[in-house]
Amino acid sequence: MRPSRLGAGDKYVWSPNASAVYSTTSGYFEAVKQQELVEAREQQNHQDRFQNFNWIKNVWSVKTAPKIQIFLWNILQDALPLGMALQRRGIMTHPVTCARCREPETADHLFLHCRFAKRVWSNVPTTYPPSPPPVCFPPTGVAINIFFWVCWCIWTARNLIIFENRTLDPNDIIFNALRLAREWQEAQPIKHIETRNLSNRSIHTSTGLTTLYTDAAWRAQDKTAGCGWIIYTPHSEDARKVATTEMFVATPLMAEALAVREALLQVKAEHLSNICCKSDNQVLIKALNSNQHPVELYGINLDIEKLASSFSSIVFSYVPRNLNFAADALAKSALYALNI
Numbered sequence: 001m002r003p004s005r006l007g008a009g010d011k012y013v014w015s016p017n018a019s020a021v022y023s024t025t026s027g028y029f030e031a032v033k034q035q036e037l038v039e040a041r042e043q044q045n046h047q048d049r050f051q052n053f054n055w056i057k058n059v060w061s062v063k064t065a066p067k068i069q070i071f072l073w074n075i076l077q078d079a080l081p082l083g084m085a086l087q088r089r090g091i092m093t094h095p096v097t098c099a100r101c102r103e104p105e106t107a108d109h110l111f112l113h114c115r116f117a118k119r120v121w122s123n124v125p126t127t128y129p130p131s132p133p134p135v136c137f138p139p140t141g142v143a144i145n146i147f148f149w150v151c152w153c154i155w156t157a158r159n160l161i162i163f164e165n166r167t168l169d170p171n172d173i174i175f176n177a178l179r180l181a182r183e184w185q186e187a188q189p190i191k192h193i194e195t196r197n198l199s200n201r202s203i204h205t206s207t208g209l210t211t212l213y214t215d216a217a218w219r220a221q222d223k224t225a226g227c228g229w230i231i232y233t234p235h236s237e238d239a240r241k242v243a244t245t246e247m248f249v250a251t252p253l254m255a256e257a258l259a260v261r262e263a264l265l266q267v268k269a270e271h272l273s274n275i276c277c278k279s280d281n282q283v284l285i286k287a288l289n290s291n292q293h294p295v296e297l298y299g300i301n302l303d304i305e306k307l308a309s310s311f312s313s314i315v316f317s318y319v320p321r322n323l324n325f326a327a328d329a330l331a332k333s334a335l336y337a338l339n340i
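The opening residue of the sequence shown carries number 1 in the UniProt record's numbering; numbering runs sequentially from there.
In short, the hints are calculated from the structure, not lab data.
Treat the hints loosely; a few may be bogus.
Each computed DSS-like pair below joins lysine-lysine, with the alpha-carbon atoms no more than 27 Å apart [stated by the list, open to error]:
| hint | residue 1 | residue 2 |
| --- | --- | --- |
| 1 | K67 | K118 |
| 2 | K286 | K241 |
| 3 | K332 | K268 |
| 4 | K306 | K11 |
| 5 | K268 | K286 |
| 6 | K118 | K223 |
| 7 | K33 | K11 |
| 8 | K332 | K63 |
| 9 | K33 | K118 |
| 10 | K11 | K286 |
| 11 | K223 | K63 |
| 12 | K11 | K63 |
| 13 | K223 | K332 |
For each label pair, taking beta carbons as the anchor points, the in silico distance ranges come out as [what the hints assert, rightly or not]:
| hint | residue 1 | residue 2 | range |
| --- | --- | --- | --- |
| 14 | E183 | R100 | 25 to 31 Å |
| 15 | V13 | E103 | 44 to 50 Å |
| 16 | L265 | I162 | 52 to 58 Å |
| 17 | K118 | S61 | 52 to 58 Å |
| 18 | R321 | L6 | 26 to 32 Å |
| 19 | T167 | D108 | 20 to 26 Å |
| 20 | G208 | S61 | 46 to 52 Å |
| 21 | Q77 | Q292 | 51 to 57 Å |
Virtual Cβ for every residue (Gly too), placed ideally from N, Cα, C.
The task is simple: from the sequences and hints, build the whole structure.
Structure representation (structure tokens):
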């Protein structure tokens, strides 16, 4: 859920219902569902949760530091100097066990199955391991997946125990992983978004109105969105094209609402007064015209309502997707250019 940027008040909502209204029936079914999830997690062991993870696909294509990619490649090739690997090469004459739990030390054990590793993964705000518990983690400031950084920090913590007799707790591992990921992310160059000159033959403005065409593109893997909007003013034949990106966007509908809000913030800053705002998302347009507030859009929609009240007139209308291709292209360009 995105909070309001314009000071809208808080409100109690029941998030399992789209209407945000609590009922005894919905409360009962939510309790049953949560109990079923707990039971399912208890029955599914840690190894099963990782068995479908495609290591090959997620090593060289992942956006991370080169040393992390080489480290992951070493894991795949069983090249890390772990206890069982050293014994297999004839370097050690007896099995070297895990420094924490004295189980045979393999890559799977160290990073996934060790009790310490399980405690780390249970508190990591990431999409791995699969089927995480439904916990609302605070913002980390990291837009990339930190799974690989956590593996790296588990490895360095293992070496600290063996060579320096120093131990770290799971929170230290998570903090170090987030810090390293954030430092690497901030060191990456920012790519400027270049938009091509799109034809506007299918776009028509309303006489006397400033017309906004808005759209958004959303990527499920990292919850990022590209927002694009085009501004047509009554006394100018040239359209202004704007694109931006948003991180930590939960759904495509939220991305569409963010595009509308950002577009209205811009036209308000330019002191434009009579607005026609168009979007190809019928659910969003219906919500804006009926003053309904879906749970996921509560803060954003209140911002849009507050912005709408500052204009002399404003209309929210639906536009077919084939007439909104220019804003759609802007949003997709912004999303694809986000390469952190």
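Hints and how they fare:
1. K67 <-> K118: holds, 24 Å
2. K286 <-> K241: holds, 25 Å
3. K332 <-> K268: holds, 25 Å
4. K306 <-> K11: holds, 16 Å
5. K268 <-> K286: Holds, at roughly 22 Å.
6. K118 <-> K223: This hinted pair holds, its Cα atoms lying about 25 Å apart.
7. K33 <-> K11: Holds, at roughly 25 Å.
8. K332 <-> K63: holds, 19 Å
9. K33 <-> K118: holds, 24 Å
10. K11 <-> K286: holds, 21 Å
11. K223 <-> K63: holds, 15 Å
12. K11 <-> K63: Status violated; Cα separation ~39 Å.
13. K223 <-> K332: holds, 14 Å
14. E183 <-> R100: 25 to 31 Å: Holds: the Cβ-Cβ distance is about 27 Å, inside 25 to 31 Å.
15. V13 <-> E103: 44 to 50 Å: Between V13 and E103, where Cβ atoms are some 46 Å apart, the hint holds.
16. L265 <-> I162: 52 to 58 Å: The hint (52 to 58 Å, Cβ to Cβ) holds, given that L265 and I162 are roughly 54 Å apart.
17. K118 <-> S61: 52 to 58 Å: At roughly 27 Å between Cβ atoms, S61 and K118 fall outside 52 to 58 Å, so the hint is violated.
18. R321 <-> L6: 26 to 32 Å: holds, 29 Å
19. T167 <-> D108: 20 to 26 Å: Check passed, 22 Å falls within 20 to 26 Å.
20. G208 <-> S61: 46 to 52 Å: holds, 50 Å
21. Q77 <-> Q292: 51 to 57 Å: holds, 55 Å
When the structure is compared with the earlier hints, violations turn up for hints 12, 17 and for no others.
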